[in-house]
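Student: One line per chain: the protein sequences are A and B, in this order.
For any residue, its number in the numbering used here is found by taking its place in the first sequence, counting from 1, and adding 12.
For any residue, its number in the numbering used here is found by taking its place in the second sequence, counting from 1, and adding 12.
Derived from the structure by calculation, the hints contain no laboratory data.
Note that the structure is predicted; figures quoted are calculated from it, not measured.
C-beta atoms are modelled at their ideal positions from N, C-alpha and C, and glycine is treated no differently.
Watch out, some of these pointers could steer you wrong.
Some chain A residues well away from chain B (every beta-carbon gap over 10 Å; in silico) [claimed, not checked]:
1) A30
2) A31
3) C74
4) E86
5) Q117
6) T128
7) K135
8) S139
9) R155
10) V397
11) V413
12) E433
13) L435
Distance condition first, Cα-Cα at most 20 Å in a straight line; then the derived EDC-like pairs of lysine to aspartate or glutamate [as the list claims (entries may be wrong)]:
14) K293/A - E433/B
15) K312/B - D73/B
16) K158/A - D77/B
17) K55/A - D73/B
18) K312/A - D154/B
19) K326/A - D63/A
20) K45/B - D80/A
21) K104/A - E343/A
22) K55/B - D80/A
23) K140/B - E292/A
24) K55/A - D77/B
25) K55/A - E72/B
26) K55/A - D80/B
27) K145/B - D175/B
28) K220/B - D210/B
29) K140/A - E166/B
30) K380/B - D401/B
31) K55/B - E72/A
32) K158/B - E292/A
33) K55/B - D63/A
34) K373/B - D154/B
35) K437/A - E24/A
36) K312/B - E292/A
Among chain A residues calculated to face chain B with C-beta under 10 Å, some are [claimed, not checked]:
37) V61
38) P274
39) G275
40) T353
Each chain, letter by letter, is given below.
Number of protein chains: 2
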Amino acid sequence: MELAYQKRTQEELRQELAALRQRFDALKAKDMKLNMARGKPGKAQLDLVSDLLGVLVTPEDCISDGVDARNYGELSGLPAAKRLFADILGCKPEECFIGGNASLQLMYDTISKAFTHGLLHSKQPWSKLPRVKWLCPAPGYDRHFKITQSFGCEMITVPMTPDGPDMDMVEELVRDPEVKGIWCVPKYSNPDGIVYSDETVRRLASLKPAAPDFTLMWDNAYCVHEFDGDFVPFSDILTLCREACNPDMVFEFASTSKITFPGAGISVMASSVDNLKYMEKLAGIQIISYDKINQLRHVKYLRDKAHTLELMQKHAAIIRPKFACVLRHLEEEIAPLGLATWQKPKGGYFVSVNTLPGLAKRTLALCKEAGVTMTGAGATFPYGVDPNDSNIRIAPTLPPVEELEQAMEIFCTCLRLAALEQLIKE
Amino acid sequence: MELAYQKRTQEELRQELAALRQRFDALKAKDMKLNMARGKPGKAQLDLVSDLLGVLVTPEDCISDGVDARNYGELSGLPAAKRLFADILGCKPEECFIGGNASLQLMYDTISKAFTHGLLHSKQPWSKLPRVKWLCPAPGYDRHFKITQSFGCEMITVPMTPDGPDMDMVEELVRDPEVKGIWCVPKYSNPDGIVYSDETVRRLASLKPAAPDFTLMWDNAYCVHEFDGDFVPFSDILTLCREACNPDMVFEFASTSKITFPGAGISVMASSVDNLKYMEKLAGIQIISYDKINQLRHVKYLRDKAHTLELMQKHAAIIRPKFACVLRHLEEEIAPLGLATWQKPKGGYFVSVNTLPGLAKRTLALCKEAGVTMTGAGATFPYGVDPNDSNIRIAPTLPPVEELEQAMEIFCTCLRLAALEQLIKE
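For reference, chain A alone in the conformation it holds in the complex (with noise of 0.2 Å):
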């Protein structure tokens, strides 16, 4: 077993950081370009289901519950689709509005409106206000941080523990009447791979905000997205909200995006009967229907929660050996040198790894010299600021495995050489 860097002598670590260096010339000369950025499904998760193109052919294929998906109409979308999201999330399916290839659209449109028209319960337009805060669960999904950036939100960190957010923190936080909502990914929390506690849910779902418009905005991205294992049940917000006489506080988003095809899925926004109500005058205003020609495809392709679950398994056995690779070279190169902790997800896109501090930009200029591209350094952070400079997302599922060996020997180098250039004292 290796000596972790912090117990070597200055001469080691020398010796150490010229082996390195001769290591990374050496892969930095095969002039690789492999791309970790982002959570993008591979190539064989795509061909996996493509078969999804040919399941609408004739005109009769396009009638669904008595409607032709072909023309206008159907603001919220087909019966049938909200049907599926429905089964897929536990709630019912006219708590459930359809929309296009992508819930960030959806998300970025709630917000928007809420700032241009308000909430249900808002009392102006959020544009109307001197100051709208916002809780950031942090590291978090650099798009969920980006949108209430854009809008001009005060953006307030609360730390991720291994049961979600710190909810003392947020249960403070939420007395303030400026405090707006706040950002969740519920399972497999982006970055960390995380399952909220149910308790943690429970005390999200009963939150007491000051503000009577406070939202919870809650990215359940990967609600069926276990790469590990089973299907891992998981409370239904709308009905937890309800109960906790928070009927209208929550919006919770989906998508097939990585189910089917990520550019050509189907989204869903679910939330009470009143809030889609309302949301609906306003959407009504921007749109006729998303597009129901694929809503239709996607309900004849995946069927019902438990076709889409042996989907799932299949798009698992793809991306498995790839988490496995990754935690593979974590835990023989950097776990025994003591620079960096991780969790080990069961579910979702992503890897997240905090190095010592200081050392997340150097690494990631250094594999990016090297031909690796990956999640900027801080991204996962309200203002992209890491204020420990420590947080990496790794997106392992692009790559294929023979790639992805050689894009972690390259990372493992990098992390390895910035510490070294941090503990080698002039």
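Given the coordinates of chain A, assemble chain B onto it according to the supplied hints.
Tutor: What follows is chain B alone, placed relative to chain A:
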């Protein structure tokens, strides 16, 4: 030839009323349910284009210019989709941003972002301004007016002429810096079916608005939608604006909603490269890309402008008899009585009828009573208020011709009844 109602005696009018009431009751007794409320293509048109469903089948089909359309990425759309729309609109591919199934959404989002973030030349987001005024050529498209109404714009009605909006008035109004834009449907305007004259288009492109972020919202919804005669070439507004030193003043919109599937087409926003660069920064927060699989489906199905025009002639063959039916009924039954005037469009989706003042609401109420739903009276004016209660939009494309014959019989009967009720003195 029948005598115009205005020239008849009260006694003659009473006799006519009695006869028409009988006819109305007989029609009502048929218990029909016909819908001419929206410009919805009919089933024969949907069937015409349903081969679109099957053009992409295998994983290999999904690659376009080296991009896998199934995966994330390419915010502004597939290069091939940009080339297709550039060919159709006469602009450049790099001036095209490809959207989802609704150009309406692209329009809404443009206005929404103007309010929340401002446009390229805005000094501040419009939500920070005390007042935003907007020019609305009327009669016009109700969904346009609802967008600007929803954002609280003060809408100013600009009368339509046979050449397009009253340009003297527009040129005068844009000297007010609070006037931020104008809605235009330049070819086969909704609802009049008017094609803006070259002179009008040139004057619009050459406007000298006081507001640096004044915006032409150029909804070229019917750019290739001739149903009577050959394709009519139309100037590229982006070129004209550039030549008039207004390169960033225009956003043009179009879609395949009435070329392929109304509910599952693709859309485009065309604008200067600088405008798109600015807007893509904002759009990149909202979406990763619109559905590129559907973009590629359309590229393979429509190919280019020439092939698209061939398809439009097949649509024309289906809808031409419907417009002929509407015009025949109006000419035979309404023209001699002097109750209304109308344009005879050669493209687009509507016939716009201007009744004598005060007859529109009553006519449509009677239609509804007899089972025919039409676009609500007033819908073609800002705030849904037609000052003369005169304009009625007939959308003949959805019903089969047989049903349209009945619907038009009902419509003409109802218009005559409404006129008689007004003319007869108690």
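Student: Now look at each hint and say whether the structure bears it out.
Tutor: Consistency of the hints with the structure:
1. A30: It holds; A30/A is separated from chain B by about 40 Å at its closest Cβ, greater than 10 Å.
2. A31: holds, 38 Å
3. C74: violated, 7 Å
4. E86: Non-interface label on E86/A violated, nearest chain B Cβ at 8 Å vs cutoff 10 Å.
5. Q117: For Q117/A, whose nearest Cβ neighbour in chain B is about 5 Å away, the distance does not exceed 10 Å, so it is violated.
6. T128: Its Cβ does come within 10 Å of chain B, the nearest being 6 Å, so this is violated.
7. K135: holds, 16 Å
8. S139: At roughly 4 Å from the nearest Cβ of chain B, S139/A sits no farther out than 10 Å, so the non-interface label is violated.
9. R155: Non-interface label fails for R155/A: nearest chain B Cβ at 8 Å, not farther than 10 Å.
10. V397: holds, 18 Å
11. V413: holds, 18 Å
12. E433: Since the minimum Cβ distance to chain B is about 34 Å, E433/A lies beyond 10 Å and the statement holds.
13. L435: holds, 38 Å
14. K293/A - E433/B: violated, 36 Å
15. K312/B - D73/B: At roughly 10 Å apart (the allowed maximum being 20 Å), D73/B and K312/B satisfy the hint.
16. K158/A - D77/B: violated, 30 Å
17. K55/A - D73/B: holds, 14 Å
18. K312/A - D154/B: violated, 35 Å
19. K326/A - D63/A: holds, 14 Å
20. K45/B - D80/A: Satisfied, since the Cα-Cα distance of roughly 17 Å is no more than 20 Å.
21. K104/A - E343/A: violated, 43 Å
22. K55/B - D80/A: Holds, at roughly 9 Å.
23. K140/B - E292/A: violated, 26 Å
24. K55/A - D77/B: It holds: about 17 Å lies between the C-alpha atoms, which stays within 20 Å.
25. K55/A - E72/B: This hinted pair holds, its Cα atoms lying about 11 Å apart.
26. K55/A - D80/B: holds, 9 Å
27. K145/B - D175/B: Not OK: K145/B and D175/B at ~23 Å, beyond 20 Å, violated.
28. K220/B - D210/B: holds, 18 Å
29. K140/A - E166/B: Holds - the C-alpha atoms of E166/B and K140/A are around 18 Å apart, at most 20 Å.
30. K380/B - D401/B: holds, 17 Å
31. K55/B - E72/A: holds, 11 Å
32. K158/B - E292/A: holds, 14 Å
33. K55/B - D63/A: Between K55/B and D63/A the Cα gap is close to 27 Å, so the pair fails against 20 Å, i.e. violated.
34. K373/B - D154/B: holds, 16 Å
35. K437/A - E24/A: holds, 12 Å
36. K312/B - E292/A: Distance ~34 Å between K312/B and E292/A Cα, so the pair is violated.
37. V61: holds, 8 Å
38. P274: Status holds, d = 5 Å.
39. G275: holds, 5 Å
40. T353: violated, 29 Å
In this structure, the earlier hints numbered 3, 4, 5, 6, 8, 9, 14, 16, 18, 21, 23, 27, 33, 36 and 40 are contradicted, and the remaining ones agree with it.
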